[in-house]
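Student: Full structure from sequences and hints, please.
So the chains spell out like this:
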Amino acid sequence: MRTYILYGFGILLCVSGVGYLAAEYVKYLSEPGKLTCLILATAVFALLGKYFQDRDW
Amino acid sequence: MKGQESESGMATKGGGLYLYLALACFAGIIAIFVVDGYLGIYDTLYVTAQEREQEIEPDYWQQPWVKEQGYRIAAEWGEPVHFRYEIDNRTFSTYLTDVEASLWKSGEELIELLDEDIAVASFGEATVDWTLRAEELEAAGSGVGEYTVQIRHGEVERRVVLSYRYPAEVPPPPPPMR
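Same order as they appear, the protein sequences are chains A and B. In case it helps, my numbering puts the first sequence at residues 14 to 70. In case it helps, my numbering puts the second sequence at residues 590 to 767.
Hints are supplied without guarantee of correctness; some may be wrong.
Lysine to any residue pairs mimicking SDA-like chemistry, simulated, CA-CA at most 25 Å apart [to be verified]:
id: 1; chain 1: A; residue 1: Lys40; chain 2: B; residue 2: Val655
id: 2; chain 1: B; residue 1: Lys656; chain 2: B; residue 2: Gly743
id: 3; chain 1: A; residue 1: Lys63; chain 2: B; residue 2: Cys614
id: 4; chain 1: A; residue 1: Lys40; chain 2: B; residue 2: Gln652
id: 5; chain 1: A; residue 1: Lys47; chain 2: B; residue 2: Ala616
id: 6; chain 1: A; residue 1: Lys47; chain 2: B; residue 2: Ser711
Derived Cβ-Cβ restraints for the label pairs, each shown as a range [said to hold, decoys possible]:
id: 7; chain 1: B; residue 1: Ala663; chain 2: A; residue 2: Tyr17; range: 53 to 61 Å
id: 8; chain 1: A; residue 1: Arg15; chain 2: B; residue 2: Ala663; range: 54 to 62 Å
id: 9; chain 1: B; residue 1: Phe615; chain 2: A; residue 2: Gln66; range: 16 to 24 Å
From the derived model, a few chain A residues whose C-beta atoms are all more than 10 Å from chain B [what the hints assert, rightly or not]:
id: 10; residue: Met14
id: 11; residue: Arg15
id: 12; residue: Tyr17
id: 13; residue: Ile18
id: 14; residue: Leu19
id: 15; residue: Ile24
id: 16; residue: Leu26
id: 17; residue: Cys27
id: 18; residue: Val28
id: 19; residue: Ser29
id: 20; residue: Gly32
Keep in mind that the hints were calculated from the coordinates and are not lab data. Cβ coordinates follow ideal geometry from the N, Cα and C atoms, glycine included.
Tutor: The following block contains the structure:
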């Protein structure tokens, strides 16, 4: 149980760290760049979802 | 059973494809950050005062404290302050603009330092320069103090706060001992 809590804590820190860095760097992107990144990020989540669905997760 | 195996194999192959596509999209996001960061109009200002040249790189202008208060530079009263402004056009078209530089004090324009039309070729650079002399300030009825040098081109506006002070008086060397 303790291991899972630690895993969860680590994942939360990683996600928040990546989110913070992305928010900082996005400031310097142009508007078309931001839009393209948003589309690609959506595609990443959709494709990962499909990948895990195919693996019966 | 055989059918099930083949179905499972196809699912693994398809799943692998989705994973590779997701990785490709992620690589695309990283590529956009790199390319978008490189492309654009960048400006660098070089200011020579007190016998040294200070370089104000494009990144500095993005800092919140520089945006709000301007970049601070100290100079001694009486010395000429030389400015060199470089515009780097990293776009696919020629950048046509009017570069204006002026000196301000208490929200009032004192001197127009530069007004020049320039055309920067695609992936090229252009440089303009000017010198601010204390005599010009004296002629405008100003003396030692703080001034704002404002540089404008297109929608870009840069501010440098120039702080003049009297040169430090160095006492004469003592007479040689006999």
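Student: Each hint: holds or not?
Tutor: Quick rundown of the hints versus the structure:
no. : hint                             : in the structure
1   : Lys40/A <-> Val655/B             : 16 Å, holds
2   : Lys656/B <-> Gly743/B            : 17 Å, holds
3   : Lys63/A <-> Cys614/B             : 14 Å, holds
4   : Lys40/A <-> Gln652/B             : 12 Å, holds
5   : Lys47/A <-> Ala616/B             : 15 Å, holds
6   : Lys47/A <-> Ser711/B             : 23 Å, holds
7   : Ala663/B <-> Tyr17/A: 53 to 61 Å : 58 Å, holds
8   : Arg15/A <-> Ala663/B: 54 to 62 Å : 58 Å, holds
9   : Phe615/B <-> Gln66/A: 16 to 24 Å : 19 Å, holds
10  : Met14                            : 30 Å, holds
11  : Arg15                            : 31 Å, holds
12  : Tyr17                            : 25 Å, holds
13  : Ile18                            : 28 Å, holds
14  : Leu19                            : 26 Å, holds
15  : Ile24                            : 18 Å, holds
16  : Leu26                            : 20 Å, holds
17  : Cys27                            : 15 Å, holds
18  : Val28                            : 15 Å, holds
19  : Ser29                            : 18 Å, holds
20  : Gly32                            : 14 Å, holds
When held up to the earlier numbered hints, the structure conflicts with none and fits them all.
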